[in-house]
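Visitor: What follows is the residue order along each chain.
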Amino acid sequence: MAIGLPAIAPEVTEEVTKSRVVLVRDKDAVAADGKINGEVVQRMLDQAVMALFDKKDPVECFKILVKPDDIVGVKSNEWAPLPTTTQVEQAIKKRLMGAGVPEENIGIADRGVLGHPIFEKATVLINARPMRTHAWSGVGSLIKNYIMFDPNPPNYHDNACAPLGSLWELPIVKGKTRLNVLVLFTPLFHGVGPHHFDKTYTWTYGGLAVGADPVAVDSVGLRLFQAKRREYFGEDKPIKPAAHHIAFADTRYHLGNSDPAKIELIKLGSEEGVLI
Amino acid sequence: MKILMGTCDHVLYHLNTRSLVRAAGVLAAVTAFMLSFMLSCAGEEGNKMTTLAARAVPGEVLGWKASDTTETYDRESIFDYIDGAGEVYRSYDFREVTVWRFTRPAGPDITVEIFDMGTPDDAYGVFSYARESEESGIGGGFEQRGGVICFWQNRYYVCVAADETTEDSRAAVMALARTIAERLPSLGAVPHLVRLMPREGMVEHTERFFHIHPSLNYHYFLAEQNVLNLSENTDAVLAAYQPGTTYLLCIEYPSAPEAREAHGGFIDNYLPEAAETGATKVAADKWVSALTLDRYVIVVLDAVSHERATALVNSMKKSLVEAKMVTEDQL
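In the order they appear, the protein sequences are chains A and B. Residues 521 to 796 (this note's numbering) are what the first sequence spells out, left to right. Residues -12 to 318 (this note's numbering) are what the second sequence spells out, left to right.
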């Protein structure tokens, strides 16, 4: 059973032992020209949440996450070379509205979360972003995605961003995250160049990794990246700097599980090229 | 200012009221003039950098035209442009980056970025940070990767990048890079510490010049704690050597006492076993050695043998002596 589910989920009654992460892939998510297929993305998100909650209806899954009177902030990521994508944002929004949350109570933002009227009073957060290598933290991760909730992000840059897990203690964030969606459509697995982005080092994976535990989802993403780098470079080429903020989020900040032995990974879709 | 105010106090004590009023007026005028002079110098410095960079960028090249406006980001706003990777630039004496956009009807767009890194040393440093190859012929050295060319020259780090790589855009990127290099101030020297690194056995293009602890950990994770007391006031070079993958690290501190303190802390926290011998085996076929010499700390990491560690340390010592950075009697 996934950890981190809210108290409104009566299904969470047994002792939590493992964090469930669902990795769903679809070869039609990304077209040959790079365009993202919104219908396919919706289908993938639905499949993922149904597997996450053992339900047959995605709206029922979202009704576990939110109540109609919730105010919901979708924390996205707008980094131009590799954004969350409007397709993922809209797929989440559609299911939130299907669960009864009025559209005017849903906000989607990245850098503008502080001072945003929805995020200022949000009762629920949905966290969604792509994983990519990052020049200072090793990888841009779900854990790191909340850095814009602090007015001074460089506060968390020390020691390759080791303290990122502490972001989740901020009052504006604490205890509100119901779902984490790690976008793996065309991940960046090696960073070079002045902006740490080179399209040469992206590949079409066509995936989403979804879970309630951000540390577990990030750990799955990190394993995927390490596997891709081994495949591409023909050797173990460690990510630089080490993305140790993910393990520290577990061991120092107790945010979730980073140990693969404590993660239940469910894979849906094509096994070809899955790498993990 | 302190000297000026002290002198004025002495003068004012001995004057009558009318003279006092006149003297106060003179004092205010002088103070205003000095403040205005200092501020205009700072502004002039900033304007000079931007103007120099602007003159280096042509208005048009091979059908691509520069936009009328540019964007400039400083140490605080760079995150708005580059996101977290801005810390790489801030780990050096980065001042500002100015961005030009070039377009042509058939595309693709080309971006020119000129980073003012404050000094030639730091322009080289940021160039060396993550480069995987290097060619000569543009600036102090350039790296080309697909549709991107980056080079360093004088205090500037320049990147020219096409959104998509086509035959035409590749030619335009190269032409832009060469033109800018011709127009920027002349070449600065590679940091002296980099030039002093022993060449024998060095793996090509692995020299990294930097200042602070996170940069060391990026290239070689040593420890979470800043065990070598690196700071913006230290110059450090790390390079890889064969056999195996051995690393030689040489750090220049502002003073000999600071070097000794860093060395002592490193030995105490990281290599207590090496307190007497200066070298210790940390794993199978991995030796670490460290010593201090005047303002320098030399560290060898992951040497394949005690002998190899010692040889590399001695090579570095010899370089420092031959360059007169330390004297024989300091050995």
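Simulated from the structure, these hints should not be mistaken for laboratory data. A quick note: this is a predicted structure, and the numbers were derived from the prediction, not measured. Just to be clear, a hint being listed does not mean it is correct.
[Said to hold, decoys possible] Result set (BS3-like, lysine-lysine): computed pairs, CA atoms no more than 27 Å apart in a straight line:
{"#": "1", "chain 1": "A", "residue 1": "K576", "chain 2": "A", "residue 2": "K538"}
{"#": "2", "chain 1": "B", "residue 1": "K273", "chain 2": "A", "residue 2": "K757"}
{"#": "3", "chain 1": "A", "residue 1": "K760", "chain 2": "B", "residue 2": "K52"}
{"#": "4", "chain 1": "A", "residue 1": "K719", "chain 2": "B", "residue 2": "K304"}
{"#": "5", "chain 1": "A", "residue 1": "K760", "chain 2": "B", "residue 2": "K268"}
{"#": "6", "chain 1": "B", "residue 1": "K268", "chain 2": "B", "residue 2": "K311"}
{"#": "7", "chain 1": "A", "residue 1": "K719", "chain 2": "A", "residue 2": "K782"}
{"#": "8", "chain 1": "A", "residue 1": "K555", "chain 2": "A", "residue 2": "K538"}
{"#": "9", "chain 1": "B", "residue 1": "K305", "chain 2": "B", "residue 2": "K268"}
{"#": "10", "chain 1": "A", "residue 1": "K587", "chain 2": "A", "residue 2": "K547"}
{"#": "11", "chain 1": "B", "residue 1": "K305", "chain 2": "A", "residue 2": "K757"}
{"#": "12", "chain 1": "A", "residue 1": "K587", "chain 2": "A", "residue 2": "K555"}
{"#": "13", "chain 1": "A", "residue 1": "K719", "chain 2": "A", "residue 2": "K575"}
{"#": "14", "chain 1": "A", "residue 1": "K748", "chain 2": "A", "residue 2": "K782"}
{"#": "15", "chain 1": "A", "residue 1": "K719", "chain 2": "A", "residue 2": "K587"}
[Claimed, not checked] Chain A side only, calculated, beta carbon under 10 Å to chain B, not exhaustive:
{"#": "16", "residue": "N679"}
{"#": "17", "residue": "D718"}
{"#": "18", "residue": "Y752"}
{"#": "19", "residue": "P761"}
[Claimed, not checked] Partial pick of chain A residues on the chain B-facing surface, computed with a CB cut under 8 Å:
{"#": "20", "residue": "G618"}
{"#": "21", "residue": "A619"}
{"#": "22", "residue": "S686"}
{"#": "23", "residue": "H710"}
{"#": "24", "residue": "G713"}
{"#": "25", "residue": "H716"}
The beta carbon of each residue, even a glycine, is placed where N, CA and C say it ideally should be.
Visitor: Are the hints correct? Go through all of them and say.
Guide: Checked hints:
no.: 1; hint: A:K576 x A:K538; result: holds (22 Å)
no.: 2; hint: B:K273 x A:K757; result: holds (19 Å)
no.: 3; hint: A:K760 x B:K52; result: violated (37 Å)
no.: 4; hint: A:K719 x B:K304; result: violated (43 Å)
no.: 5; hint: A:K760 x B:K268; result: holds (25 Å)
no.: 6; hint: B:K268 x B:K311; result: violated (32 Å)
no.: 7; hint: A:K719 x A:K782; result: violated (34 Å)
no.: 8; hint: A:K555 x A:K538; result: violated (35 Å)
no.: 9; hint: B:K305 x B:K268; result: holds (24 Å)
no.: 10; hint: A:K587 x A:K547; result: violated (33 Å)
no.: 11; hint: B:K305 x A:K757; result: violated (34 Å)
no.: 12; hint: A:K587 x A:K555; result: violated (33 Å)
no.: 13; hint: A:K719 x A:K575; result: violated (38 Å)
no.: 14; hint: A:K748 x A:K782; result: holds (22 Å)
no.: 15; hint: A:K719 x A:K587; result: violated (41 Å)
no.: 16; hint: N679; result: holds (6 Å)
no.: 17; hint: D718; result: holds (6 Å)
no.: 18; hint: Y752; result: violated (14 Å)
no.: 19; hint: P761; result: holds (5 Å)
no.: 20; hint: G618; result: violated (33 Å)
no.: 21; hint: A619; result: violated (32 Å)
no.: 22; hint: S686; result: violated (15 Å)
no.: 23; hint: H710; result: violated (10 Å)
no.: 24; hint: G713; result: holds (5 Å)
no.: 25; hint: H716; result: holds (4 Å)
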